[in-house]
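Protein sequences, first through last, are from chains A and B. Just so you know, we're using the numbering used here here: the first sequence kicks off at 47 and counts up by one. Just so you know, we're using the numbering used here here: the second sequence kicks off at 4 and counts up by one.
Be a bit skeptical, because a hint or two may be false.
Calculated cross-link-like contacts (lysine to aspartate or glutamate; reagent style EDC-like; alpha-carbon spacing at most 20 Å) [said to hold, decoys possible]:
no., chain 1, residue 1, chain 2, residue 2
1, A, LYS285, A, ASP232
2, A, LYS490, A, ASP838
3, A, LYS219, B, ASP24
4, A, LYS219, B, ASP46
5, A, LYS111, B, GLU34
6, A, LYS100, B, GLU94
7, B, LYS150, A, ASP793
8, A, LYS203, A, ASP232
9, A, LYS219, B, GLU94
10, A, LYS100, A, GLU795
11, A, LYS111, B, GLU94
In short, the hints are calculated from the structure, not lab data.
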Amino acid sequence: MTEQKKGGIPTPEDGSSPAGPCTDLPEGWAYDEGASGIGPLSVELFRNIGKPLKRREDHRLVTGKGQFTDDFTRPGQCFAAMVRSPYPHARIGGIDASAALELPGVVAVLTGSDAEADGLGPIPHNPVPSTRFDVKLRAPDGSMPFIGPHVLLPTDKARHVGEAVAVVIAESKGAAEDAAELVEVDWEELPHVADSLEAITDSAPRVWDETAKNTLVDSSFGDQAAVDAAFAAAAHVAKAEFHINRVTAVTMEPRAALADYDAESGRSTLYAGSGGAVRQKRELAQVLGIPQEDLRVLSYDVGGNFGARNRVYVEFGLVLWASRRLKRPVKYTATRSEAFLTDYQGRDLHSRVELALDADGHFLALRADNISNVGARCVSLSPLSKGSGLITGSYHIPHAHLRARAVFTNTMCTQAYRSSGRPEVTYAIERLVDIAAEEMGIDKIALRRRNLVPPGDMPYRNAVGSIYDSGQYEANMDRAMAIFDWSAIEARRAEAAGRGKLLGVGLANYVESSIGTPKERAEITLSPDGRIEVVIGTQPSGQGHETSFAQVVADMLQTPVERVRIVIGDTDKVSLGGGSHSGRSMRHAGTVMAMASADLLRLARERAAERLGLPPGDLSFEGGAFSGRETNRSVTLAELSTEDDPLFAARTNEMHAPVFPNGTAICEVEIDPVTCQIGITRYASIDDVGRCINPLIVHGQSHGGIAQGVGQAMWENCAIDPESGQPLSGSLMDYGMPRADNLPFYDCEIAEVLSPTNPFGIKAGGEGGTTPALATVTLAVLDALRAHGVRDISMPITPQRIWQALSDAGATAFDRETAET
Amino acid sequence: MSQSEIAITVNGTERRAEVEDRLLLVDFLREHLGLTGTHVGCDTSQCGACTVILDGQAVKSCTVLAVMAEGAEIRTIEGLAEGESLHPMQEAFCTHHALQCGFCTPGMIMAAVNLVDRHGPDVDAETVRHQLEGNLCRCTGYHNIVKAVLAAAGAQRTPAE
Chain A
47 MTEQKKGGIP TPEDGSSPAG PCTDLPEGWA YDEGASGIGP LSVELFRNIG KPLKRREDHR
107 LVTGKGQFTD DFTRPGQCFA AMVRSPYPHA RIGGIDASAA LELPGVVAVL TGSDAEADGL
167 GPIPHNPVPS TRFDVKLRAP DGSMPFIGPH VLLPTDKARH VGEAVAVVIA ESKGAAEDAA
227 ELVEVDWEEL PHVADSLEAI TDSAPRVWDE TAKNTLVDSS FGDQAAVDAA FAAAAHVAKA
287 EFHINRVTAV TMEPRAALAD YDAESGRSTL YAGSGGAVRQ KRELAQVLGI PQEDLRVLSY
347 DVGGNFGARN RVYVEFGLVL WASRRLKRPV KYTATRSEAF LTDYQGRDLH SRVELALDAD
407 GHFLALRADN ISNVGARCVS LSPLSKGSGL ITGSYHIPHA HLRARAVFTN TMCTQAYRSS
467 GRPEVTYAIE RLVDIAAEEM GIDKIALRRR NLVPPGDMPY RNAVGSIYDS GQYEANMDRA
527 MAIFDWSAIE ARRAEAAGRG KLLGVGLANY VESSIGTPKE RAEITLSPDG RIEVVIGTQP
587 SGQGHETSFA QVVADMLQTP VERVRIVIGD TDKVSLGGGS HSGRSMRHAG TVMAMASADL
647 LRLARERAAE RLGLPPGDLS FEGGAFSGRE TNRSVTLAEL STEDDPLFAA RTNEMHAPVF
707 PNGTAICEVE IDPVTCQIGI TRYASIDDVG RCINPLIVHG QSHGGIAQGV GQAMWENCAI
767 DPESGQPLSG SLMDYGMPRA DNLPFYDCEI AEVLSPTNPF GIKAGGEGGT TPALATVTLA
827 VLDALRAHGV RDISMPITPQ RIWQALSDAG ATAFDRETAE T
Chain B
4 MSQSEIAITV NGTERRAEVE DRLLLVDFLR EHLGLTGTHV GCDTSQCGAC TVILDGQAVK
64 SCTVLAVMAE GAEIRTIEGL AEGESLHPMQ EAFCTHHALQ CGFCTPGMIM AAVNLVDRHG
124 PDVDAETVRH QLEGNLCRCT GYHNIVKAVL AAAGAQRTPA E
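Chain B extracted, bound-state conformation (with noise of 0.2 Å):
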């Protein structure tokens, strides 16, 4: 099996391991890095529970080879909170129930987080919806993840707007 040199800066700090070139960047979080807040779901990138921003964008870690990551920046649900303040979405998942069992939730967190960023605060229930057709929920039918979201993204308009 071969093997290659990588270097990928995770929430922040610089990471560098041999690594099988077969390895998916998911169980490169997970088993090397004991990243375990990343969760894998599935074989077929459907359920999204392995979401991870990738250089500014949210992938599916089951879908990354840890390889293709060489020199990326990732966020993970980890690297989220800041010390003990939750970023806001997260605080909104909370608020608003949006969370059951808690597995798809960081991949959740990190598809919302990334989706605000992309569509601003004043994002709609259906582009919301429609962006988060990607992660699979089994607990909440939704409904509450929704309203999480679009909470986190209102609360972040400047009060001048």
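Next comes chain A alone, as it looks inside the complex (with noise of 0.2 Å):
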């Protein structure tokens, strides 16, 4: 098995051993002190680790001080707006912009044919997960799948409803508006496939011309002969088919780009908030075939990415190309329709599942078959490959075996969406671990006990090769049912049944997987005056790094908080990083930063081993300063530092070892049987996030991560009306959101279980909230509808869904209403 250490996941060739505690860790797996320069953690010294402090970003988004985007303005920059396609797929016949050029202050239109004449190129996306331990994804011949070239405008057809295919520049935003509705395309409809589940046959319209079939990826993982001898054996299999259904970003903050051309220099400048500005820098300077040094990208307060941005997106090429072209800045403000259209969009898997298992109800073996639907183009396959790797979730199952399938559709393309790829195949475990406890006789928390990995088996492998790296599975679902107060469920339930309501609880274990881009930079100064300049590759939008990422470097540096400054999401200063997703930013930041601050100490001791004349192994560094033991010697690290030489030390690490942040979640709802009215009522968790840097703000994670998750159950859903495909979910009037007056109080508690793979034993935070969220609200209302006899229910679960779940059982609004009477 020596191919399995280098290449961490087994390849579909490589078949796999059975699941259990993982005797062949790979190289590099585990965190080596010595070898990251590190050494021992002084913990005992952390005065500000582990500490709730108030986030210093507060103060300017307060004040309305922020600087989003859209506060931009250069001096005179003209507006873009865009001509987008009304048809889920249509050929350009022709595009006639004379009307839309004769209105007053229309400064250009842009189409198609001019980026080719241009000679711009396609978005360099590369869909297709490649760090040592993503599982592997592949052309169902076993190449490399194509993905569809994303151009800035298309010349032959749009795939999407939405999709840009030409760009007015005006000289004001109403100009741009109102021509761009004067442009005239010639369009030639063709026929459409919306669901991937119609789009994976023979006999679906084709989205590419270029490929035979719409399925782009196919690819197996698991011991299949092993898992078909464990069905043939077992006791008892249950099986089910689910739709994690579609779903949209919303950052409150619509995306937006303001491109700003130096003639001069022949330079220029993009302002668009993004999941990393280094990756935006790279890609559209291989779009506009210019060299990275004549891009500068700024990315400063993001209103909210949770994946959506984190790919480059047209629009931001255009305004760069549009820019260029005019010798004038141009700037481009979605609206929020468009924000629907064609913001990245989430999810969207087709899950069919069976478990086998014995009499006694252990689990022996998993299948599933997995759809992504990736949209018109493939931007990112990481929700399906994320998924893949954690189909079995926290149970110990022998053996699986997967079979993952992309497809394109005429529809947005889709990307990571908080928590990428892991609540849908919660979702799928959960709601089928369920199934099969009812189905025998089981009860439900006895089952999950009975087939949890246990601490003793970490580092586990599990059945298609994933490693867990630590965790107390079981005991989170203890304290987390401590916290819930599970035993005081039924007597809520009949109090409940006295006010007519129905309550239903639900619980989900979840694990997940923390990958992300495997490099990341720091850069540390320490001026003379004291003050220490941190300049790190990562893009928070919202989640504190400039308080978070400061705590740490002050502890490994032993000075006050106040004086570290984070510089972050300017290209002129950040030259690498992987940006922030799949919850990589603390993990990734703080050890190469843990890095950095040993290399700068090194240098720091040299420098005042010279100054106390005393050997460097003699001096003792506490408190920001090093003395020599038994001397009344000392120096302060400020003093070691002269403005033409300061402290300063660089790192750039590469870690690809992923961590397995864990826990559970337990949701109750009341619904309102006559008017099938659904409302939480209480959730509590437990998040294993490794060693938490900052509680107040891993909390806030917690929080808005599990809103995220309960609204996809609940109300969100880019519908599409499958005769017209047209998207039915163009606002925030029609796409049900979270809201303050629908979503309770949270009981939420962590747990710290240190991972082993790096110095802190960091895991994450930002998407255990989500991850569980969709299988316990579920859970809860099957629960609370059971005695109607009603047994599946898709998301959302409105209202609708609701009283149809209960008619189609049989159960009328009378019978509803005299059964609790």
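Assemble the dimeric complex from its two separately framed chains, guided by the hints.
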């Protein structure tokens, strides 16, 4: 198995060994304090790490001084508006801009032909996850998949409603929008397909003429023979089919971009909030065909990301291109309607799962068939990939087999969305476990307890090859049940029934993977005045990096946290960095900042030794100063720094081993059986985030994550009319959102089981709220409706869906009312 | 495009301008006055990021034409702090981590200030939640926002009460 050691997750050809304790950990998996240069961590000296410090970002944001993209204005700027396809699939016969160009204030109308003539390339998406630990997704013939070139403006046809086919530039926003309506496109409507189950069939309309089928990825994982044998021998098999519906991020700040071109230097500056300015610079320079040095990208305050902003958008390239052609600044700000049509969307996974159990309820094997709808182009396979590695969830399932497919449709592209891929598979396994428990007459908690991966088996390799680093899954469940006051459920159910309400409780365990771009860089400068500047390549969009990162550096250098300033989001300062996604930031940034801090202290120690005339080994470092042991001589870090030669250290680190945050969440709902109104009455969770740097921030992440998961389960849905292919959720008036009055307070606690893969033992804290929430809400609703014969319900669980489920189960409104009285 | 002269008092200072009749109040604040703290998050008056206080009432400034605000007194997020000292609501939002990305925050704070003005220091959580239903936040799940508003409201109680 040397192949596995090098390659991490086994490729399909490898077959795989049964799941269990991982005895052949890959090289470099465990953190090595010697090799990292950090040495033993002085945990007892931590003054800031682990403390709920108030955020330093907040002052500017609560006083209206935030710097969001649309807040920037350049002298002489003009405005861009898009001409978008009204059809899901249509050939472009021609584009006539003459009427638009006659409107006062219109500067230019540019089309795909102009872009082609100027040699613009497609956005170089690299959708196939490529770290050593990502599962390997391939085309049906085993090659790298065709992804559908993402040109800024297509010349052949539009492949989804809302696809931009021309851009209008005008002196005012109003003029640009008015003119966009006057651009005449000669459309030839084509047959379309929106649902992935339809799209995989041979008779489906083809999204790309370049490929024979819409299926772009078809890969299998796991040991099929072992799985078949286990199913043949099983005492019971539970089966289910789910669709984890399509949703969208709804970042409160609509995406925006302002491009400025300096003809003198030939340099462009792009103000554009994103999930990482470095990627934007690299990929947009490639689109434009200019050297990376000729592009500066600025991403300051970002009004939410959740994955949607990680990848490049065509509009960013369009304003850059237009501003270079016109030699004027060009600004584009999406309307909310445009955001609903053309923000990268999330989820949309069909999953068919089967679980084999022995007579005692021990899990024997799992089969899964997952189909991801990537939309009109393949921007990212992260959701399919992440989910594939976690199909067995928090449970010991000796064998598993998965077929993972991705398919093109005439819909907006999907992308990683909060907790990419993990809520989908968590939903599938947790619902399947509840189904098995009911069918076998085993208590659902007892069944879970029987099968959770025990702490003694960590690190644990699951049946598709993911190595769970650490965790105490059963303890999580027990703690969540204690927080929730599980034993009081029946009393609460009776009390609710007395009020005519149906009460239900759903519990879900989860484990998720945090992988992310493996490289990160930190540059730390300590000035003679004692101030510390840290340049880092992550990109917060509300996660509080300016605070939590400062806490880490302050403790490493033993200086007050107020002295540390975090610099992000300007590619002229940040040369390298993976951005923020997949819960990678605290772990990657924390590690590389600790390394750079250690380097800086080594340099400082040498200087101190020289200054004090003592051997470096004779110096102790405490409170930000070096002193000679048993002497009264000491020197501070600031005193070792000069304007000409400040204390400086830079470190680039590559870290591949993923971590596996985990936990348990419990939701309680009350349903009015007559109106079918549903309300969440309690929500409790426990999240093992590894070491928690700032609990105030981590709790905030849990809360927001829960709301986003609950949102998908209860209200959110990117509905598409199957006949016309038209998106039906085009505004906040027809896309249900979590609001202040439809959510409860949450009872969240943090578990800190340190990960052995990095110096601080960090896992991740951004996505655990979302991962189990789809399952907890659904299971709670099913628990509430069980007595009325309802066994299945799909998301979003609206009152209408509940009414339908009750009616289908034969429970009339009258029955429901009288049953409770 | 027809134009009109307007005079609006914004954060205590009278501002005069000639504006297109179709100009929204929020665009007047952001583009003409450079007060970019008031944000635009939607186009259907749903999100509340543009909330300002107009003659004592919280309004969504994307749903008010600039010409309709002629002669009005408007308070925006930029006019809330007194010099260096934050308004108690701003302070409470920081203390309770009631903001993450901060985009909805100005509108949320203005709506919160106004609701406490209307409901007094003893306002309860349910009322706060109901009153903020028209202000969307995607980051916090509202938990800490509601706590912050209750704390800021409670802090207004005079010791005699």
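Status of the hints after comparison with the structure:
1. Restraint check for A/LYS285 and A/ASP232: not satisfied, since their Cα atoms lie roughly 49 Å apart, outside the 20 Å limit.
2. Among the hinted pairs, A/LYS490 with A/ASP838 is consistent with the structure: their alpha-carbon atoms are about 16 Å apart, no more than 20 Å.
3. Restraint check: the Cα-Cα separation between A/LYS219 and B/ASP24 comes to about 15 Å, which is no more than 20 Å; the hinted pair holds.
4. A hinted pair counts as satisfied when its Cα atoms are at most 20 Å apart, and A/LYS219 with B/ASP46 qualifies at roughly 14 Å.
5. The suggested pairing of A/LYS111 with B/GLU34 holds, with an alpha-carbon distance near 15 Å, which does not exceed 20 Å.
6. Straight-line distance between C-alpha atoms of A/LYS100 and B/GLU94 comes to about 11 Å, which keeps the hinted pair within the 20 Å bound.
7. For the hint linking B/LYS150 to A/ASP793, the alpha-carbon distance of about 13 Å falls within 20 Å, and the restraint holds.
8. For the given pair, A/LYS203 sits about 11 Å from A/ASP232 by alpha-carbon distance, which is consistent with the 20 Å threshold.
9. A hinted pair counts as satisfied when its Cα atoms are at most 20 Å apart, and A/LYS219 with B/GLU94 does not qualify at roughly 36 Å.
10. A threshold of 20 Å between alpha carbons decides the hint, and for A/LYS100 with A/GLU795 the separation of about 19 Å falls inside it, so the pair holds.
11. Under the criterion of a C-alpha separation no larger than 20 Å, the hint pairing A/LYS111 with B/GLU94 is consistent with the structure, at around 15 Å.
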